[in-house]
Structure formats: structure tokens, C-alpha cells
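Student: Here is how the chains run, residue by residue.
Number of protein chains: 2
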Amino acid sequence: MTINYRLLATLACAFLLPATGFAADPSPLDVPAKALPVPTADISPGMQAFIGAPLNPNWNKLWKTGEEARAFADVQAAATVKTIPAMLERLNVKSEASIIDGVRVHIITPTEIPAENKDKVLIHLHGGCYVLFPGESGIPEALIMAGDGHYKVISVDYRMPPEAYFPAAVDDAVTVYKAVLKEAPAKNIGVFGTSAGGALTLEMVLRARDQGLPVPGALASGTPMSDATKTGDSFYTNEKVDNILVSRDGFCDAATVVYAKGHDLKDPLISPVYGDMHGFPPTILTTGTRDLLLSNTVRVHRNLRRAGVEATLQVYEGQSHAQYEFDDRLPESKEAFGEIASFFGAHLGK
Amino acid sequence: MTINYRLLATLACAFLLPATGFAADPSPLDVPAKALPVPTADISPGMQAFIGAPLNPNWNKLWKTGEEARAFADVQAAATVKTIPAMLERLNVKSEASIIDGVRVHIITPTEIPAENKDKVLIHLHGGCYVLFPGESGIPEALIMAGDGHYKVISVDYRMPPEAYFPAAVDDAVTVYKAVLKEAPAKNIGVFGTSAGGALTLEMVLRARDQGLPVPGALASGTPMSDATKTGDSFYTNEKVDNILVSRDGFCDAATVVYAKGHDLKDPLISPVYGDMHGFPPTILTTGTRDLLLSNTVRVHRNLRRAGVEATLQVYEGQSHAQYEFDDRLPESKEAFGEIASFFGAHLGK
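Chains A and B, in that order, give the protein sequences. Heads up: the first sequence runs through residues 1 to 350, numbered per the numbering used here. Heads up: the second sequence runs through residues 1 to 350, numbered per the numbering used here.
Watch out, some of these pointers could steer you wrong.
No copy is singled out in the list; a pair is fine if it fits within one copy or between any two copies.
[What the hints assert, rightly or not] Calculated lysine-lysine pairs in the DSSO-like style (CA-CA distance at most 27 Å, straight line):
id : residue 1 : residue 2
1  : Lys240    : Lys34
2  : Lys34     : Lys230
3  : Lys240    : Lys178
4  : Lys230    : Lys240
5  : Lys94     : Lys152
6  : Lys261    : Lys34
7  : Lys61     : Lys34
8  : Lys64     : Lys187
Hints were generated in silico from the structure; no laboratory data involved.
In isolation and in its complexed conformation, chain A is listed as follows (with noise of 0.2 Å):
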């Protein structure tokens, strides 16, 4: 690290810091404890509640093989499961299995598709740290989608460990959107996803434009799963803040490491905050300013400016990662997916 402390000398007094208030080698911030309280201020009581709530006591379930993650996952899909019924209920939709060229996917149509929408199609792609969420219980967010933004989805259930590997989530998302390629301009597609979902929407996107395939209209990208390889500042400033992934060194990152087998954790299509993302269409990024993925998601968003990309930031007050897709009838959800859709609305088709 390179430091110009003469230009720092200088430069020092133009706030409030002293010249002399520099040491000579950076060294880490020592911050103290400390105890947070639930904030309320223009936060709905639900909310609050997700906010308040203690640590996730599985944050720190290190799985070290496909077998022991897919044991956890398919107990926490039976629970997820059950909330689905009633989802598509208030959301008015509805949810078919199918296969697509080989891949399972579900297909969620909302009962009403406004005129302006019929010729567009959304892909999803669901989180879980590539080893979460199989079948039917990968689709809560495309429900949500479907029936308040008012689209058709196809939710995209790629295979994770042990079924398969590195690339089988990012390769079964570029089957899914040739085949729908086949029936729609690319410029009709929007992708989207949360947490390890919204690191494969922009991994999709880099596969997508190595093979040569056009880009996707629009894109939402959520709290994105964006660097795998622990760099991030709010990996350290969001720890044991964020009480959902609460420290790098906890279950998602872990079962990343499993997913990829082996493979560079830094290759763009498991870190894609390393691709080059010139080329890519308007993208809208979600996160919280507790979200131990803050860092990461602002990264994405500055790359994307960085190489003329069209890209829009939204960040929620108080919120850990992925809390905005955590209640459909939460108005923060509504929030936050309602820019998602208004922001298809205005790049889709264009």
C-alpha cells in the first residue's frame, strides 16, 4: 500500500484532522463493544421485529460437504414449503413445476398480466448460498415478483451439491434463458435474485455474453453473494451486526466453498465483482446498511457506473442481508420490489 503522506500533511486541514493526527502505518481500527438498539424510526413494527430479532444461531454451521449442507437445506425447504400455499394465495398466482431443456424450473403466473407486460418474462435465480432452497422452496421471491410486480417469472431450480458443482447453478441459468431467448428479445428478459441469487444474475449475464449470446433487458441484482473471496469492508464493519449471515467466516461462505470444489473462488462467475462488466444493461442493486454484503453490493455498483452501466442503488434503513424479501406483506418489501418492478418497467422492451 502506496500512502502519499506529504498529500495527506497538506490536505489534512481541509476537515478536521491535524496533520499530525496520521501515523506513519495505518494499523486496524480498534473498535469497542458495543450494543445496538433496534431502530424505529421510518421502520414498519414487522420489521422492527426481523431487525430485533437475536443472531441466527446457524450462522455458524460450516458445512464441509454437499451431503451435510443438502441435509440442513431440505429440512428448511420442508418448513418453507408450507408458507407457499398461502403465499400464492394473497400474491394471486399461480405455480407450476416443469423442465426446461433439462432444467426444473417453476413457472409463476400472476392472474392479471397487464397489457404492457404480456411480451416480457422474468428469470429468477434464488439465493441460498448455492446450496439452500431446492425446489418449491427456491420460489418464495418469484411469488413475490410475479404477483406485485405483475410478470410473468420462470424461477430457475439449478442444481446445487450434491447434485452437481461449480458451474451447474450459473450453467442451468444460461440453459434457462437460451430457451426463453427461443421466444422473446433479450430486451423483453429481466433476471433477478437475492444474496447468492443476485451474485448469479450477473454471473449469468458474463456466461451469457462469453458464449455470445445478447444481454438481458434489465436486471436485479439483491444484496449479491458478489466476492467469495472474504474482501469486502462490511465483511468486518457489518460482523456480528448483520444477524443473518453475521461474519464471513459463517454458513454462506462456507457453503460457497463447497459449491466450488476446488475451483478459484476468484473466477467472475463465483466472484463476479471481478468481471468485466461493460457491456451489461441497466441493473438495480438492494441491500441494508447492516447487510454484511453492504460493501459488496456498492462494489457491483460502482463497477457497473465505472463501465458506463445504467445502475441504481437502493439501501434500507437498519436492515440485514436480504431482509427486504424476508415478508411479502412487510411495506418494506413492498418497497423495495416495487422499485425492482418499476425499474423493469421503465428498461424492458427499450
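Based on the hints, put chain B in the right spot on chain A.
Tutor: Same frame as chain A, now just chain B:
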């Protein structure tokens, strides 16, 4: 705070939290002490040095009177003013002190103004907690904007304690705005500033609108001191993480109390996050992931969006309060002000 625990229990399985993980009454989250390394990914060496600097040694100077604050401000101003000749030279701008309807200003003119900017003008409101950066020491950000953005800028040297107290700063801003309105249509006028200047940018529009004036064409509000009531989650999460403001119990909020001189701190003319933002012009907001005012920047962004305003947010990796404006030569400064200039270019005159 009303919390629907049945709802939480139903939905907890949507991610990794078991229903039993929710406490009956959310208590503060205990975050252990930690050591933050200086982030380096995607950050220039010069900015790494700012980010890696120790805590501002003046963070807990708690001035109780305007006179005390001004004594500090004068010493700091003398040092800051020394940096200005070099800035004028490298940014190719001229600065001239003047008076507009009784208000002290500096008129900053770049050597070259492109044709599309010749009928535009920017009003600059400097930062400094309503007490710092009197006179010429308040103009560095205006020089950057004029030089890199190629706009004529009028920087308002608004009255500060002990010369005057609330609402002198916003009154002086409105006085200058009214005068400029006689020479340019509102849509050709942009307003910008950082910190207290970011708040004043919003306060000026609230005040102008209340007086029946048209709103400016666009705003750039940098890490606004939008809430002087110590409300906002990052006042806690980024406490002693932000190395500039450091704490909600630091110099800046204390100085704001001096400026308010007993006036209600929740008045939108001191805490503009509480203002009604319907009808605001397009606004770009800037902050950093370590900024003590991260929450109060994103809260303004959400309030603008909820009011239907076109609003854009840029968040810089690792940066504490206002560090994007500390050195105009750093790539992060060029990037942030480049985004702001592009935003003005896209919206002024429309």
C-alpha cells in the same frame, strides 16, 4: 413498538431463522469489540490513507457557545485557506468574493464553460456543522464542482454562530437563490453541498417552497446532516467506525445544538429528513459505507422515493463521512463529483 410474533413465527422459515430464535422482547444487540483492517479492494492508495487514519482527535470537542466554536473554526480556516491557491491553479478556476443582497458569497468561474452549461448556475452550501468553514475556507468543494464539472458556482458564505443562529444559514441560502432566480429560470439552477451543506440543500428547498418559490432544477445532497435528533441506525452501527464524525455525541451534533439555540431540533429546517419532499426536484445523494450519516443519507433517499421524486444514491466503499471531498486529486473524488456533474447535466434545464 408493536410486533406480530405469530407472523414472525410463520415466516421465520423463509430464511434461516427458526421461529424459536425470536426473543419475546428484542433487546439491544451486543456487538463485541473488533479490529477493522484498512480496506484496499477497489480503493485508491490516497483514499486508503484517509480511511486508515486514526479517529479524528477533535471528535469530542463539544463547543457550548458560538464563540467557542468560532475560535476553533478560525484556526482551522486559516490552515484550509492556504490550500486554496493550489486548488485554483490545478482546477483552472477563479474565485471572487462578493455580496448578493447582503449575503457574502464567492463566485467561482471555471476557465472553460461548455455551451450547454453557459445558462446554468450552481449554488453551493458548504459543510461544517453550521459553525465551521467561514469565509474563503468554505469554498473547496465549490472549486471541485466548478473545475471538474465546468459550471459557474456561487458559494454561499452564510452567517454562522456567533454572528447569527438558526435560521440564518437557510435564510441566507434562500436570499441568494431568490437573487439568482432573477437571472436564470429555476430549472437552470442546481444546489449542492455536503454534511451541513447537504442538509442546507434540502432545507433551502423546503423553505423556498414554503415561500411559494419554484424549486431548483436538481440537487446534490452529500451525506446530509438530515437528522439532528441523534436518530438513525448508523449513529450506532458506525460509531467509532467513522473516523471523521466518530460519534453521535461528538462535535458535529453539539455544534448543531449551538446553531439551533434552543429551537426544536426536529424542525425540518434543521432535520430535513422530517420534511415533506413531495415536489422536490431530481436529487443525487452521496455517502460511504463507514459514514456515521449512512442511515440519514439513505433515509432521505427513501423519503424522496416515497414522495415520487427521481432520486439517485451513490455509496462509496469504506469511506467515512464526506471523505469523497477530502482531496480533489483522488479518483474517488473525481468519480463522486463526476457522477454529480453528470446528474446536473442530465436534469438542469429540462
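Student: Which hints, by number, does the structure contradict?
Tutor: 3, 6 and 8
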